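Residue numbers are given in this note's numbering: position 178 of the sequence shown equals residue 181, and the series is strictly consecutive.
Treat the hints as calculated values from the structure; they're not laboratory data. Among the hints, erroneous ones may be present.
DSS-like mimics (lysine-lysine), calculated; alpha carbons at most 25 Å apart, straight line [claimed, not checked]:
no., residue 1, residue 2
1, 171, 159
2, 49, 34
3, 34, 44
Label pairs and their in silico Cβ distance ranges [as the list claims (entries may be wrong)]:
no., residue 1, residue 2, range
4, 157, 119, 55 to 61 Å
5, 150, 125, 47 to 53 Å
6, 56, 76, 40 to 46 Å
7, 135, 101, 49 to 55 Å
8, 152, 120, 43 to 49 Å
Predicted model only: the values in this text are computed from it and were never measured. Here a beta-carbon is modelled for each residue, glycine too, at the ideal position from N, C-alpha and C.
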Amino acid sequence: MFQVAGGRALPVARLLAPRGGARVESVRGRKSRSDPPARSKEGRLKVPPPVDPVEMVVLKERFTEYQLIMRALRLEFKEEVLRKKYEEETGSLAEERARQEAQEHQILMAWNDAENLRMLKLRQLRVQKETEEAEHRKQEVILQREQEMQTFIQEKEQEILQLQEEAKNFITLENLDERIEAALDNPRNYNYAIDRDGRVVRRTVLN
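Based on the sequences and whatever the hints tell you, model everything.
Rendered as structure tokens:
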């Protein structure tokens, strides 16, 4: 058996065992409530340890003194906190704080007015710019519509001129006989075949 720190004795086999292995210690379990008392303790009566009257008196006096000291400290701290609070609310500190708050309020109001003025100028510039851009877009839309209308009118004029040119070749009652005679004098044969290049490869003979 070897002695280790703490005064506990350990077996030699445990000291020489490798450290990597798992160690399982035997632990004695506790008794359940239903287990009877041990035979060696059947007639034992639990008696509190004896108290020295002199020591009890000394401890009671010291505990009373401790309570009085702690109560006095608490009251002193509470009084100090209440005095500071009262001075901050009604004393010279309150006046100084009110003066500082008023001065800070004036500074903040001046900064607020300057910031409002700056934002007003920026807003006016932005509104003016947006108005000019809207007017410019409106003028562009008007010009575009005018150009589209002119283009439409020109297209319709071209269509009218083209129809007038095509109307010259229309068959009417006045030139019906002339067109029949011209068709008979100039027969046209549309019965022919063409290749992929558009050349006529075969044409039938008119009867």
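Notebook entry, point to check: Hint by hint, which ones does the structure fall short of?
Noted result: 5 and 6
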